[in-house]
Amino acid sequence: MTEENPLLDAQKKFIDAVPFRAMAREKKALEQTLGMTLYTDLKSPENSPSYHRAIVEGFLVNTEDTREASEENPVSFSIAGDVSPGDEFCPGFLSGQAVSVATGSIIPEGDYSIVRMWEAKRDGNNITITRPFPPRFFIEEEGCEIKQGSVVIEAGAVLSPAYLGAAASLGLETLEVASPPKVTVFSSGDEVIHHSEEMRPGAIRDCNSVMLSAAVMEAGGVPDFAGIMSDDFDGFVRKARNALKTSDMLLISGGTAVDGRDFISDLIRELGDLLVDGVQMRSGRPLIMGVSGGKPIVCVAGYPPEALRGFELFGVMAIKQLLGRNSKLGTFTK
2 MTEENPLLDA QKKFIDAVPF RAMAREKKAL EQTLGMTLYT DLKSPENSPS YHRAIVEGFL
62 VNTEDTREAS EENPVSFSIA GDVSPGDEFC PGFLSGQAVS VATGSIIPEG DYSIVRMWEA
122 KRDGNNITIT RPFPPRFFIE EEGCEIKQGS VVIEAGAVLS PAYLGAAASL GLETLEVASP
182 PKVTVFSSGD EVIHHSEEMR PGAIRDCNSV MLSAAVMEAG GVPDFAGIMS DDFDGFVRKA
242 RNALKTSDML LISGGTAVDG RDFISDLIRE LGDLLVDGVQ MRSGRPLIMG VSGGKPIVCV
302 AGYPPEALRG FELFGVMAIK QLLGRNSKLG TFTK
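Numbering (the working numbering) for the sequence shown: 2 to 335.
Worth flagging that the hints you see were computed from the coordinates, not collected in a lab.
All figures in this text were calculated on a predicted structure; none of them were measured in a lab.
Incorrect hints may appear among the rest.
[Claimed, not checked] Computed spacing ranges between beta-carbons, pair by pair:
#1 Lys44 <-> Met200: 49 to 59 Å
#2 Asp83 <-> Lys183: 57 to 67 Å
#3 Val223 <-> Thr104: 43 to 53 Å
#4 Asn126 <-> Glu177: 49 to 59 Å
[Claimed, not checked] The calculated lysine-lysine pairs, modelled on DSS-like cross-linking and capped at a C-alpha distance of 27 Å, are:
#5 Lys14 <-> Lys246
#6 Lys29 <-> Lys148
#7 Lys29 <-> Lys183
#8 Lys44 <-> Lys148
#9 Lys183 <-> Lys13
#10 Lys246 <-> Lys13
#11 Lys28 <-> Lys44
#12 Lys29 <-> Lys246
#13 Lys240 <-> Lys183
#14 Lys44 <-> Lys29
#15 Lys14 <-> Lys183
#16 Lys28 <-> Lys148
#17 Lys246 <-> Lys28
#18 Lys183 <-> Lys246
#19 Lys28 <-> Lys183
Even glycine gets a Cβ: it sits at the ideal position worked out from N, Cα and C.
Could you build all of it, start to finish, from the sequences and the hints given here?
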């Protein structure tokens, strides 16, 4: 253990035992994937933009026709047509002619330039320019933003509104995402009662199950509250073992020590491998972690603020690891 940072040591030992990208992949409609994790790199099926286009409003001319233009030698063009966004092609035109273009209009291949509106003097159906223009001036080339086959979104990314917009702009209807892990949530302790029950002397309302279930959803998992477990070791083992058959992760709050026994530590030993048995940090004693068949078991304090903090330090990274996201280790607090 690193004396300077026992938390990072504990996190690394734990996360190294949790399989990366362990969840199955599924294909879902674009509109249903917000907040989910992309399973594989998303490669563009096409160039973007998919055609050459004007990035200013003005007049399309042959570049060669502008070479001799100057204040002393103005060059004139007749307007032969126009093109607007949505038009499938730009009308053809000859030397000495121009086409009126709007921003976003399709532009053909070739030695053309766009004269910005304010750089041309218009007189009816004619324009005059007084300087030369470089080839492809103010023309955005096909594929300049995204090349066909290039990675647009990397695997493991959390799908944000911006990412979904990018996918939609490429004509995609579905995305391959990681199935969210099912996380079975337990509260424990003989004194713990359901949060809706009437308070009685000596009891503690269970707010952890609601709070931690919400935290699981926020982290990308699907919570399944399995109830409040009494301080019955054998019964808890049976319940937890059954939960592991259908869940991807266990999350337990409270019950760290009962009648002098390391209750949760012994529970994990019964289920699988005990990896972290407390952390040498403030309020770190209840942080107990293990795995069973590659499935993480995260045990946190019963005191709600410490329960949430423990989940943020260990539970969030476990869910990220299962989903194939990049886990960021927490910050050590003495």
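Here is what the structure says about each hint:
1. Evaluation of the 49 to 59 Å hint for Lys44 and Met200 yields a pass: the beta carbon distance comes to about 57 Å.
2. About 59 Å separates the C-beta atoms of Asp83 and Lys183, a value consistent with the hinted range of 57 to 67 Å.
3. Between Val223 and Thr104 the beta carbon distance is about 46 Å. The supplied range of 43 to 53 Å therefore holds.
4. At roughly 54 Å, the beta-carbon separation of Asn126 and Glu177 lies within the given 49 to 59 Å, and the hint holds.
5. For the hint pairing Lys14 with Lys246, the CA-to-CA distance comes to about 24 Å; that is within 27 Å, so the pair holds.
6. A threshold of 27 Å between alpha carbons decides the hint, and for Lys29 with Lys148 the separation of about 25 Å falls inside it, so the pair holds.
7. For the given pair, Lys29 sits about 18 Å from Lys183 by alpha-carbon distance, which is consistent with the 27 Å threshold.
8. For the suggested pair Lys44 and Lys148, the alpha carbons sit about 9 Å apart, so the restraint of at most 27 Å is met.
9. Restraint check: the Cα-Cα separation between Lys183 and Lys13 comes to about 23 Å, which is no more than 27 Å; the hinted pair holds.
10. At roughly 26 Å between alpha-carbon atoms, Lys246 and Lys13 fall within 27 Å of each other, so this suggested pair holds.
11. Taken as a hint, the Lys28 and Lys44 pair is honoured in the structure, with Cα atoms around 15 Å apart against an allowance of 27 Å.
12. Between Lys29 and Lys246, the direct Cα distance comes to roughly 26 Å. Compliance with the 27 Å bound is thereby established for this hinted pair.
13. A threshold of 27 Å between alpha carbons decides the hint, and for Lys240 with Lys183 the separation of about 16 Å falls inside it, so the pair holds.
14. Restraint check: the Cα-Cα separation between Lys44 and Lys29 comes to about 17 Å, which is no more than 27 Å; the hinted pair holds.
15. Between Lys14 and Lys183 the alpha-carbon distance is near 22 Å, which keeps this suggested pair within the 27 Å criterion.
16. Between Lys28 and Lys148 the alpha-carbon distance is near 24 Å, which keeps this suggested pair within the 27 Å criterion.
17. Of the pairs offered as hints, the one joining Lys246 and Lys28 holds, with about 24 Å between alpha carbons and a cut-off of 27 Å not exceeded.
18. With a CA separation close to 11 Å, the supplied pair Lys183 and Lys246 stays within the 27 Å bound.
19. Of the supplied pair hints, the one linking Lys28 and Lys183 holds, its CA atoms being roughly 18 Å apart against a limit of 27 Å.
In summary, this structure violates none of the numbered hints.
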